[in-house]
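I would like the entire structure built from these sequences, with the hints used as guidance.
Heads up: the sequence lines are chains A and B, in that order. If you're matching positions, the first sequence starts at 1 in full-length UniProt numbering and goes up one per residue. If you're matching positions, the second sequence starts at 1 in full-length UniProt numbering and goes up one per residue.
It is worth saying that the hints were derived from the structure and are not from the lab. Please read all numbers here as calculations on a predicted model, not as lab measurements. A portion of the hints provided could be inaccurate.
Chain copies aren't distinguished; within one or between two, either way the pair holds.
When the alpha-carbon atoms are kept at most 25 Å apart in a straight line, the in silico BS3-like pairs for lysine-lysine are as follows [to be verified]:
| no. | residue 1 | residue 2 |
| --- | --- | --- |
| 1 | K187 | K50 |
| 2 | K50 | K220 |
| 3 | K194 | K106 |
| 4 | K121 | K156 |
| 5 | K157 | K194 |
| 6 | K220 | K174 |
| 7 | K194 | K174 |
Protein chains: 2
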Amino acid sequence: MIYVVFVEPETPGNIGFLARTMKNFGLSDLVLINPCEIENDAYYKAMHAKEVITNRRTYDSLQDFIENEGIDFTVGTTGEAGGSYNVPRIAVTPEQFAEALNVTGKIAVVFGREGDGLTNKEISLCDVVVSIPTHEDYPILNISHAAAIVFYELFKKEKSYPVEELEEASTIEKNGLLDCMDEIIEKLGYPEHKSKNASLVFRRIIGRAFISGREAHTLKGTLRRINKRLIEK
Amino acid sequence: MIYVVFVEPETPGNIGFLARTMKNFGLSDLVLINPCEIENDAYYKAMHAKEVITNRRTYDSLQDFIENEGIDFTVGTTGEAGGSYNVPRIAVTPEQFAEALNVTGKIAVVFGREGDGLTNKEISLCDVVVSIPTHEDYPILNISHAAAIVFYELFKKEKSYPVEELEEASTIEKNGLLDCMDEIIEKLGYPEHKSKNASLVFRRIIGRAFISGREAHTLKGTLRRINKRLIEK
Chain A
1 MIYVVFVEPE
11 TPGNIGFLAR
21 TMKNFGLSDL
31 VLINPCEIEN
41 DAYYKAMHAK
51 EVITNRRTYD
61 SLQDFIENEG
71 IDFTVGTTGE
81 AGGSYNVPRI
91 AVTPEQFAEA
101 LNVTGKIAVV
111 FGREGDGLTN
121 KEISLCDVVV
131 SIPTHEDYPI
141 LNISHAAAIV
151 FYELFKKEKS
161 YPVEELEEAS
171 TIEKNGLLDC
181 MDEIIEKLGY
191 PEHKSKNASL
201 VFRRIIGRAF
211 ISGREAHTLK
221 GTLRRINKRL
231 IEK
Chain B
1 MIYVVFVEPE
11 TPGNIGFLAR
21 TMKNFGLSDL
31 VLINPCEIEN
41 DAYYKAMHAK
51 EVITNRRTYD
61 SLQDFIENEG
71 IDFTVGTTGE
81 AGGSYNVPRI
91 AVTPEQFAEA
101 LNVTGKIAVV
111 FGREGDGLTN
121 KEISLCDVVV
131 SIPTHEDYPI
141 LNISHAAAIV
151 FYELFKKEKS
161 YPVEELEEAS
171 TIEKNGLLDC
181 MDEIIEKLGY
191 PEHKSKNASL
201 VFRRIIGRAF
211 ISGREAHTLK
221 GTLRRINKRL
231 IEK
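In structure tokens form, the structure reads like this:
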């Protein structure tokens, strides 16, 4: 179970955006620590995730929340990853965090104030700190953007298979394509090194193209037809 | 060079959030297609990235932009990844996209309207479509959240791997390939809808494969030779 905790939010709109991105990645348990008033803008920005806000829990402090809910694992987020001299803020990336997180139990992902992030005391309550790699010119992300990235990494990890039902062509289907193209190339009367190169280039392109099963089928149909017409010559 | 294109934005605040997340990940070239009025809220939400908005370019249509700026590679984003039956919207994940993109040249990452995304016509102008895996209950991300995730993947990749020298094939070289393949397909005696589909699939595959200039050259040689042999029949 994953709780999303927002410490002392100052802007209702950010609560709304956070709720929306939570639902986008299948999360529903929002906890607000000593928040600003929840105005209409929070619900407006949440769009189709209003119930995430309605079902929120509220606590006075991060420590209260951790103790009362019996949290097993607390993850802080920070825009200021410390160097080695600032041990509490030594951070992992969202990717490292998602890879490492195979914990069952109650997990809290904690986001700090819009202006000041989490205090050192709050950071010290965390088991791990996550920091998103950003450009040095402007390293501070909006809180809902940071959340979207962390949730995306968690979701990506949890779902072993990404976009839609779309099945990538199997190795067998792809090899079928390559074999077919090789037969065509053989008939072109190339010197051997040129044949080899043409075959290699086609193989690389197919390898890089994330070709779907359906596309492999269509392309193979085309290649077969080409091959047949070359034979009939 | 990476352009970030927002097609027909309706909300100044979203333009601001987009500008902020661009700067967070080291991007600065914003293009707005037929935008709403840029009100104060855009600059307010941009925080320390106001200059991204000030330096924006504006065009009347996506096609105008692509042609006028001489874009080499156009990447669409969509919340509605097609299944295998909707070829134009077959999509790769942000991670797959970032992994494949090791190119120089002018690249455009295109985000659609807040409500309706990109039209089919706009999608058809794209070489590849990126879709973020999300939860089925609420798959539609706020545009700046989607952008943050795509930029994050690009930035992550760029940081960990040096950009290759390998120059991506220019649009002209790629179009040459597509034309050549279309000539071949025409000779295959397919009914029209099959010809169209075969052509589209080839275009998609070439679009997604991040083909280098050298590879385009080799593949074109092969296609030309095939075409010639088909003529001689």
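Structure-based check of each hint:
For the homomeric pair K187 and K50, neither the shortest alpha-carbon distance inside one copy (55 Å) nor that between copies (57 Å) is at most 25 Å. Within a single copy, K50 and K220 get their C-alpha atoms no closer than 45 Å, and across copies no closer than 51 Å, so neither meets the 25 Å cut-off. Taking the shortest Cα distances, K194 and K106 never come within 25 Å of each other, neither inside one copy (33 Å) nor across copies (31 Å). Taking the shortest Cα distances, K121 and K156 never come within 25 Å of each other, neither inside one copy (31 Å) nor across copies (30 Å).
Taking CA atoms no more than 25 Å apart as the test, K157 paired with K194 passes in neither setting, with 38 Å inside one copy and 34 Å between copies. In this homomeric assembly, K220 and K174 come within 25 Å of each other (Cα to Cα) both inside a single copy, at 9 Å, and across copies, at 21 Å. Proximity of K194 to K174 under the C-alpha cut-off of 25 Å is found in both arrangements, the shortest distances being 22 Å within a copy and 21 Å between copies.
Of the hints listed earlier, those the structure fails to meet are numbers 1, 2, 3, 4 and 5, in rising order.
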